[in-house]
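Construct the entire structure; sequences and hints are all you get.
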Amino acid sequence: MPDTNLSRRTFLKTSGALGALAAAGGSVAAADALFGSGVAAAVAEPEEKITWGHCAINCPGRCALKFHVRDDEVVWVDTCTSPNADFDDPQPRACLRGRSYRRWLASPDRLNYPMKRVGKRGEGKFEQISWDEAIELATSKLKEVIEKYGNEAVYVPYATGVSATTSRPFNRLLNLVGGYLNFYNSYSTAQISCITPYMYGSKNAGGSSFKTAEDAKLVLIFGSSPTETRQGGLTTHYDWVHLRERTGAKIYMIDYRMNDSIVGHSDQWLPINPGTDAALVAGIAHYLIEHDLVDLDFLHTYCVGYDEETMPEAYQGKNLSYYAYIMGEGYDKVAKTPEWASKITGIPVERIKDLAEEIGTTKPLYVNQGWGPQRRSNGEWSAWAIMALPCLVGQVGLPGTNNGTREDRTSPASVSMAAGANPVKASIPCFLFTDAIDHGTEMTSKNAGVKGVDKLPVNIKYMINYAGNCLTNQHSDINKAHDVLADESKCEFILGIDTVLCDSLKYADVILPDLFRFEQTSQISTGSDTGYLITGTACTSPKFERKSAYEMATLMAEKLGVAEGFTEGKTEEQRIKEQYEQARAKSSKLPTWDEVVEMGVYIEEHAPVVSMAKFREDPVANALTTPSGKIEIFSEKLLEFTDGWELEADDTLPGLDTLPAIPVYLPEWYGVETTTDEYPLLLSGFHYRGRIHSSWGFMPELKEVNPQEVWINPLDAEPRGIVQGDTVRVRNEFGEIELLAKVTPRIVPGTVGVSQGAWHEADMYGDRLDKGGSINTLTTQRPSPLSKGNPQHTNICDVAKA
Amino acid sequence: MTQYAFSFDGTRCTGCKTCEMACKDYKDLDLGVAHRKVYEVTTGETKRDDKGCFTTTCASYPLSLSCNHCDDPTCVRVCPTGAMHKDAETGLVAVDAGKCVGCGYCHMACPYNAPKVNREKGHSVKCDGCAERLVSGEQPVCVEACPARALDFGPVDEMRKKGERAAIAPLPEPSYTQPNLYVKASADAKPAGDAAAKVSNPLEVM
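Taken in order, these protein sequences are the chains called Z and X. In this text, residue positions in the first sequence follow the working numbering: the first is 1, and each later residue adds one. In this text, residue positions in the second sequence follow the working numbering: the first is 1, and each later residue adds one.
If you are wondering where the hints come from, they were derived from the structure by calculation, not from laboratory data. Quick caveat: nothing in here was measured; it's all calculated off a predicted structure. In this text, a Cβ means the ideal position worked out from N, Cα and C, and glycines have one as well. Check before you lean on any hint, since a few could be wrong.
Unchecked claim - Simulated DEER-style distance windows between Cβ atoms: (1) Z/131 to X/101: 49 to 59 Å; (2) X/96 to Z/116: 52 to 62 Å; (3) Z/677 to X/121: 50 to 60 Å; (4) X/161 to Z/418: 51 to 61 Å; (5) Z/246 to X/121: 39 to 49 Å; (6) X/121 to Z/86: 30 to 40 Å; (7) X/121 to Z/715: 41 to 51 Å; (8) Z/605 to X/71: 34 to 44 Å; (9) X/161 to Z/574: 44 to 54 Å.
As the list claims (entries may be wrong) - Which bits of chain X does chain Z cover? Going by a derived footprint, with three or more residues having C-beta under 8 Å, they are: (10) 7-16; (11) 19-28; (12) 59-66; (13) 127-139; (14) 182-196.
The structure is reproduced here in C-alpha cells:
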C-alpha cells in the first residue's frame with residue numbers, strides 16, 4: 001500500500017538520509033554530482049533546537065516539556081529527566097498527556113483563524129473572518145452591552161485550560177472598562193473550600209505534605225486517587241508512589257472504586273458506597289466514644305462543639321453538640337452505631353469496629369481526603385466529617401499527622417500579572433452562571449449565594465470564555481445548559497478563545513485561535529512535596545493566524561481605547577520578567593532571570609509540612625482565624641451566615657430548619673438511600689488518565705488506549721446482559737449517554753462509574769443522545785446547599801445494552 | 001556481548017501509560033501501533049451480602065510490556081527472511097526493514113504481543129530498545145519517561161538484581177523464550193499460568 005499519509009517527521013528523516021549521503025560523499029560537490037548543484041544543501045538535516053516549556057492545563061503538575069524542534073516544527077517532546085535518575089531525584093516528568101503535545105500542536109483540529117458563527121449555537125458551524133472583523137465584533141458588542149445593561153452583565157466563566165503567571169489578560173482588560181460580574185468557588189473544590197474556614201479558619205489550615213505521612217503508623221485516604229488526579233513525575237502521582245514505598249504505615253484507601261492509586265496493593269482498598277463518608281466517620285466516632293478512645297483533652301482544649309462542655313453559650317443545653325448527634329441524644333435521636341453506619345456505607349460492622357479500634361490506638365494517624373467526597377450534594381458535611389476524624393483522636397498538628405484536608409503543595413515564590421481592581425462588587429458561585437444568564441435578576445444572597453450585593457441587578461449578557469469548557473461539557477446538565485445558551489436573546493454574545501473547537505466553543509459567536517503557552521514565553525511556579533518553577537520560550541513561531549491571549553486582549557484594548565492602561569507599554573515577555581524580579585525580591589533563593597531561562601526547570605526542595613503544628617504547640621498564641629480561635633466542630637458562624645436562607649427539605653436533616661452546624665451525615669438527593677425503581681444505580685465520576693477534565697479529550701491517540709467506559713460490577717452487569725466491551729447506554733432524568741462497558745470487580749455493586757471530561761457528542765437539534773459519554777449529560781444543576789457548588793458525583797441512573 | 005534487559009517494578013507502576021505514549025511520540029507511531037503497552041490484570045470478586053455489605057477478593061495490577069529482547073526469541077526463530085535478528089553486541093532484537101516481507105509470523109509467534117506488521121510501512125515493527133539512544137548514553141525513552149520510576153534498562157546482570165525473570169500472569173513461563181525482563185512483583189501479582197489472571201483491558205492493548 002502506498003504511503004499516502006507521509007508525516008512531516010518521516011519527511012524529515014528522509015531528508016536526513018540525503019543529508020547523510022552528502023556527508024558520506026565527503027563534500028557538497030560529491031552530492032552535487034548526484035542531485036545537481038545546491039539540492040543536497042537545501043535538503044540537509046536541519047539543526048535541532050531544544051526549548052523548554054510547561055504544561056499549562058489545570059493539573060498542578062504543570063510538568064516540564066522539552067521540545068525537540070527542527071525547521072520550526074516540533075519533532076518530539078521530551079521532559080525533565082536523566083538516564084540514571086535515582087528514585088529520590090526530583091524530576092517533573094510529564095505524564096502521558098504531556099508526552100502527546102506534538103499531536104495536539106499539529107492536530108488538524110487546531111483553530112487557525114478567527115471565525116464567526118454561521119449556524120445555530122451549539123451546531124459547530126463557523127466561517128473564517130479577519131482579525132479586524134473579529135475584534136470589531138467582540139468590542140462593539142461589549143460596548144453595547146455595557147451601555148445597555150451595565151458591567152454586571154459581563155462575565156468571564158470559570159475555565160481551567162491555561163495556568164501561567166500571565167493567564168488572565170481578559171480580566172485585566174475588562175477591569176479597565178468598568179469591570180465584570182465576579183465569581184467565587186471552583187468546580188474542583190467548592191464544598192471543601194467553603195466548609196474548611198468554618199472549621200479551621202481561613203488561614204494556616206492547609207494539609208500536611210505526603211512526605212509527613214512517611215512518619216505515620218496509619219494512613220487513611222478518603223476519596224482520592226493521587227496518581228490519576230495529578231499524573232506527573234514530581235506531583236502527587238510520584239509523591240504517592242514514593243510515600244507508599246517509604247512509609248511503614250498501614251494504608252487504607254476508602255473509595256467506591258479500586259482506583260489506579262491502589263492497584264498492585266489491593267489490600268489497601270476499603271470499598272464504600274459513594275457519598276457516605278460522613279456516615280462512616282459517625283460510626284467510627286460512636287465506637288471511639290463507647291470505648292473511651294476519644295482524646296477529650298484535645299477536644300476540650302483545641303476544639304469547640306464536640307460536647308456540651310465546649311458548646312457556644314447560646315447553644316448549650318440543647319443537645320446540639322457533635323457528641324449528642326453521634327450518641328443519639330440530639331438531632332435525629334439516632335445513635336450512630338457501627339451497625340447504623342454499616343447499613344449506609346456498605347462496610348461490614350466488624351470492619352468498621354476494627355478500623356475504629358485501629359484509629360483509636362495507632363499514632364501517628366495521617367487522615368487525608370481527596371476532592372471526590374466533597375463534590376456531592378452533601379459534600380460540605382462529608383468533607384467536614386473527614387476533617388473531624390483526626391480531631392476526635394487528637395491527631396492534628398503533630399509529626400506524622402494531618403488535619404484531614406488534602407495534602408500540602410509547595411512551590412517557589414512567583415508573582416502573577418495584576419488583573420487590577422474590579423469596580424463591580426457582585427459575585428456569584430461559578431456553578432450558577434447558567435442561572436445568572438437565564439434568571440439572574442431572581443438570584444439573591446438568600447437563595448443563590450450571591451455575594452457583594454443582595455441581588456443581581458441584571459442577567460449575564462456577554463461572556464469571554466477563555467480556554468474553558470465549562471459552558472456545557474464540564475458544567476452540569478448539558479441539555480439544560482444548551483437550552484439556556486442556545487437562546488441568543490439571553491446571553492447575547494459569547495467570545496470564545498481556545499486551541500480546538502471544544503463543545504463549549506460551539507456556543508461562541510466569535511472564536512479567536514489561541515497559542516499554547518509553550519508557543520510563547522511563559523512561566524509557572526508549582527509543585528507538591530517538592531517545588532519547581534518552569535520558564536519556557538516559544539518552541540516554534542506562531543503558525544497560521546494564531547495569537548497569544550495577551551495580544552488578543554491588547555487588540556481589544558486598542559479598540560476600546562484602553563491600550564495604554566492595559567499594556568503599560570509592556571509586552572507579555574517584559575511583564576513575565578518584571579514579575580519574576582518581584583518574586584526574586586521575595587525569595588533570595590531564586591536564580592537570576594537569565595539563569596532561570598537557561599535552566600528551564602528550577603527545582604526547590606522544601607521541608608515537609610506538618611499541618612497546624614504551631615496551633616498545636618500553643619493554641620492561644622497561635623489561635624486559628626475561626627470566631628473562637630479554635631477548631632469548630634460546631635459552627636455558630638455557619639448558622640449566622642445562612643440565617644434566612646431559602647432551603648429545600650432534603651438540604652438538611654429531617655426536623656431541622658437550618659443547615660446542620662456540625663459534620664453530620666446527610667443522605668444525598670440522588671444517593672444510596674434515594675435510588676428509585678427507574679434509576680436503581682448510583683453514578684459517580686472520577687478523573688481519568690487520558691484527560692485532565694476535558695483537555696486532550698479529542699485526541700485519537702489518547703482515546704485509543706484510554707477508551708471512554710462505564711465501570712460496572714459483574715453483579716450489576718449480568719442481570720442486564722452486559723459483558724466487557726459492550727456498547728451501553730446510561731440514562732437518567734437529565735439525559736442519555738452511550739459508551740463502552742468495563743465490567744470489573746474494581747467497583748462496588750450498586751454503583752457505576754463514568755470518568756469525567758469525555759467530549760460531549762450529540763445532535764443538540766436532534767435526539768441529544770451523547771455518544772461521547774460525557775457524565776455531565778447526566779448531572780444536575782441543583783447546587784449543594786451551603787457552598788452552591790457542583791455536586792457532580794451525586795447521580796442515579798440505569799444502564800442498558802445499546 | 002552485553003545482553004541488555006528491562007526491569008519492571010510492579011509495586012510502583014500505576015498503569016498510567018506515560019511509557020507507552022512517550023514511546024509513541026518519540027518513535028512517531030501511528031494509531032494502532034504501540035511498541036510498549038500497559039496490561040491490566042484483575043482477578044477476584046466484589047460482592048454485596050444480604051445486609052448490603054461489601055466483601056472483596058479483588059486484586060488488580062498493571063504490567064508495562066514491550067519487547068523483552070529474549071535470549072531465545074521465537075520471532076527470530078520463525079522469521080523466514082532473517083529480517084528479525086538479535087544484535088551481536090547488545091542482544092537487542094530488531095527488524096531489518098529491508099529484509100522483512102511483512103508475513104506476520106513474528107507477530108503470531110511472540111508470546112508477548114511485541115512485533116506487529118505495520119501494513120502502511122509493509123514490514124514488521126517493534127521496540128528496538130532505543131538502540132540509538134543507548135549509543136549516546138541515554139536510556140530508552142519509556143524508561144526515562146516513567147513518572148513512578150517503575151522501569152529500568154541496562155546490562156542484564158544489573159537488571160537481574162531488581163527482580164525475578166518475568167513469570168507473572170498474563171505472561172508465559174520464562175523458560176519458553178528466556179525474556180530479558182526482570183520483574184519486582186506487587187502483592188497482587190499472580191504467577192504465570194494462573195488461569196484466572198487474564199488481560200482485563202483487551203481493547204487498550206490489541
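Hint-by-hint comparison with the structure:
1. Z/131 to X/101: 49 to 59 Å: holds, 54 Å
2. X/96 to Z/116: 52 to 62 Å: Check passed, 54 Å falls within 52 to 62 Å.
3. Z/677 to X/121: 50 to 60 Å: holds, 55 Å
4. X/161 to Z/418: 51 to 61 Å: holds, 55 Å
5. Z/246 to X/121: 39 to 49 Å: Check passed, 45 Å falls within 39 to 49 Å.
6. X/121 to Z/86: 30 to 40 Å: Given a distance of about 38 Å, which is inside 30 to 40 Å, the answer is holds.
7. X/121 to Z/715: 41 to 51 Å: holds, 45 Å
8. Z/605 to X/71: 34 to 44 Å: Check passed, 43 Å falls within 34 to 44 Å.
9. X/161 to Z/574: 44 to 54 Å: This hint holds: roughly 53 Å between Cβ atoms.
10. 7-16: Coverage by chain Z holds here, the residue count being 7 at a Cβ distance below 8 Å.
11. 19-28: With 7 residues close enough to chain Z, the hint holds.
12. 59-66: Result for this restraint: holds, n = 4.
13. 127-139: Our answer is that it holds, as 3 residues pass the Cβ test (under 8 Å) against chain Z, meeting three.
14. 182-196: holds (count 4)
In summary, this structure violates none of the numbered hints.
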